[in-house]
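With the hints as a guide, dock the two chains, each given alone in a separate frame, to form the complex.
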Amino acid sequence: DTEVTQTPKHLVMGMTNKKSLKCEQHMGHRAMYWYKQKAKKPPELMFVYSYEKLSINESVPSRFSPECPNSSLLNLHLHALQPEDSALYLCASSQRTGHATNSPLHFGNGTRLTVT
Amino acid sequence: EDQVTQSPEALRLQEGESSSLNCSYTVSGLRGLFWYRQDPGKGPEFLFTLYSAGEEKEKERLKATLTKKESFLHITAPKPEDSATYLCAVQAPGTASKLTFGTGTRLQVTL
Chain A
84 DTEVTQTPKH LVMGMTNKKS LKCEQHMGHR AMYWYKQKAK KPPELMFVYS YEKLSINESV
144 PSRFSPECPN SSLLNLHLHA LQPEDSALYL CASSQRTGHA TNSPLHFGNG TRLTVT
Chain B
2 EDQVTQSPEA LRLQEGESSS LNCSYTVSGL RGLFWYRQDP GKGPEFLFTL YSAGEEKEKE
62 RLKATLTKKE SFLHITAPKP EDSATYLCAV QAPGTASKLT FGTGTRLQVT L
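So the sequences go chain by chain: A and B.
Here our numbering runs 83 ahead of the position in the first sequence, where the first position is 1.
Here our numbering runs 1 ahead of the position in the second sequence, where the first position is 1.
Just so you know, these hints were derived from the structure itself, not from any lab.
Only a predicted model underlies this, so the values are computations on that prediction, with no experimental measurement involved.
Among the hints, erroneous ones may be present.
Lysine-lysine pairs mimicking BS3-like chemistry, simulated, CA-CA at most 30 Å apart [unchecked claim]:
| hint | chain 1 | residue 1 | chain 2 | residue 2 |
| --- | --- | --- | --- | --- |
| 1 | A | Lys123 | B | Lys69 |
| 2 | B | Lys80 | A | Lys123 |
| 3 | B | Lys58 | A | Lys123 |
| 4 | B | Lys99 | B | Lys64 |
| 5 | B | Lys64 | A | Lys119 |
| 6 | A | Lys105 | B | Lys64 |
Cβ pair distances, simulated, as ranges [unchecked claim]:
| hint | chain 1 | residue 1 | chain 2 | residue 2 | range |
| --- | --- | --- | --- | --- | --- |
| 7 | A | Asn140 | B | Ser29 | 14 to 24 Å |
| 8 | A | Ala163 | B | Ser20 | 24 to 34 Å |
| 9 | A | Gln178 | B | Ser25 | 19 to 29 Å |
| 10 | B | Arg13 | A | Asn100 | 37 to 47 Å |
| 11 | A | Ala163 | B | Thr104 | 41 to 51 Å |
| 12 | A | Asn100 | B | Gln15 | 45 to 55 Å |
| 13 | B | His75 | A | Thr199 | 43 to 53 Å |
| 14 | A | Ser138 | B | Gly30 | 16 to 26 Å |
| 15 | B | Thr111 | A | Arg146 | 27 to 37 Å |
| 16 | B | Thr6 | A | Ser145 | 40 to 50 Å |
Computed list of chain A residues with no C-beta within reach of chain B, every gap over 12 Å [claimed, not checked]:
| hint | residue |
| --- | --- |
| 17 | Gln89 |
| 18 | Val95 |
| 19 | Met98 |
| 20 | Glu135 |
| 21 | Ser145 |
| 22 | Ser155 |
| 23 | His160 |
| 24 | Ala163 |
| 25 | Pro166 |
| 26 | Ala175 |
| 27 | Ser177 |
| 28 | His189 |
| 29 | Val198 |
From the three backbone atoms N, C-alpha and C, an ideal C-beta is built for every residue, glycine too.
Next up, chain B with everything else stripped away, as it sits in the complex (with noise of 0.2 Å):
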């Protein structure tokens, strides 16, 4: 069975302190892994999609890796309108872009 598990579940930074934030995965042959971003009592909103070991991509101050085993997601030198919930989600093959998420980490940027 397909798993995902994010961590940190919570993280607090201030304004321009990096950090990262882990997504672990398990898939029977990873078909795209997918970093969103959620406000609160809003839908998600895509990042990006990560396909192979060793791909990168970057928008802003957000920079997405991904291994054979984990996705990262850096955040460099955050602003308070960074804080959200930072899902992730696994695709496998066959299954009709069924995505299984992570329970995100909700992150907070403060002053």
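Isolated chain A (complex conformation) (with noise of 0.2 Å):
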């Protein structure tokens, strides 16, 4: 079992619904991050928090909205999503980011989210 933990794991949702996407680790680490992967793709970053500072956005349409409340929860806030939105929605922990540092990632499960 992994040590990231994402719920739901499954969200189907129509293009004018709000939905949340919520992740939460208890190792301790300081940097959280969102992935998305479409089916047999790479996962591509979306966010970078360290430190609960949003410190990398890879310029992520604003219809996701961010939020890591303290050091061991990060949320995903939807709305207004398209079909091409589906993807397995993945979040990850590390030690710590930063230009000194190469802490491996530590992956949850994902979120598997269809837009309809």
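If you want it as structure tokens, here you go:
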């Protein structure tokens, strides 16, 4: 079992809905990430939080809104999504981030999102 | 721009038939090379980190090696439970843990 927990495991939403994805880790990691993965493709980075502050936004559309309430929790708020946003959304954490580190990322099992 | 190329795209082995997966990379100063295993519908599972050419790491039937241009994941006497997609990723300096992933090798081990 992974130490990064994501809920829900599956989510179906309409294009006018608002929903949130949740991620929790209790490894004491100070960096958390959101990745998007389409079928048979590698994960693509969306956002990075370091010490609860947003440090990287990979030009993600504003219909995706991340939030890091504390060092253990990471949310991704979804609004007015498009069918092409359907994918596996992965949360990950690492001990820290920054220029002097190369901590491995530990991934959750993802939320399978379908936008209808 | 950092690039990672994995080969083969897919590999089918019989149980006990050893083989190697390749990860070729181009990066301006490697900070770390990571191997992950991903089962269908699951998140990537961390396997190894390699930092410098000549380094090797082992875990059960898996052994990862690193040169200045590529990494190999050697699978010795594989079992059906080793079937998965194996992802390679690199981190360059100053990229705040941003990983560049390859497209993976889908491994199927049959009885």
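CB of serine 138 (chain A) to CB of glycine 30 (chain B), is that within 16 to 26 Å?
20 Å, holds
Does methionine 98 (chain A) really sit off the interface, with its C-beta more than 12 Å from all C-beta atoms of chain B?
24 Å, holds
Lysine 105 (chain A) paired with lysine 64 (chain B) [C-alpha distance capped at 30 Å]
At roughly 35 Å apart (the allowed maximum being 30 Å), lysine 64 (chain B) and lysine 105 (chain A) break the hint.
Could you let me know if the closest chain B CB is still more than 12 Å away from the CB of alanine 175 (chain A)?
Not fine: 8 Å to the nearest Cβ puts alanine 175 (chain A) too close to chain B.
Quick check for students: does the CB of glutamate 135 (chain A) sit more than 12 Å from each CB in chain B?
15 Å, holds
Is it true that the CA of lysine 123 (chain A) sits at most 30 Å from the CA of lysine 69 (chain B)?
28 Å, holds
If I claimed the Cβ atoms of threonine 6 (chain B) and serine 145 (chain A) lie 40 to 50 Å apart, would that claim hold in this structure?
Violated, at about 33 Å.
Would you check whether the claim that valine 198 (chain A) is not at the interface survives, using Cβ distances to chain B and the 12 Å cut-off?
Valine 198 (chain A) is indeed farther than 12 Å from all Cβ atoms of chain B, at 18 Å.
Over 12 Å from every CB of chain B: does histidine 160 (chain A) meet that, or does the non-interface label fail?
20 Å, holds
Verify this label for me: glutamine 89 (chain A) is non-interface relative to chain B, using a Cβ-Cβ cutoff of 12 Å.
Answer for glutamine 89 (chain A): violated, closest chain B Cβ roughly 8 Å.
Confirm or reject the claim that arginine 13 (chain B) and asparagine 100 (chain A) have a C-beta distance inside 37 to 47 Å.
Holds, at about 41 Å.
Can you let me know if the beta-carbon spacing of threonine 111 (chain B) and arginine 146 (chain A) is within 27 to 37 Å?
43 Å, violated
Violation of the numbered hints given earlier is confined to hints 6, 8, 11, 15, 16, 17, 26, 27 and 28; the remaining hints are satisfied by the structure.
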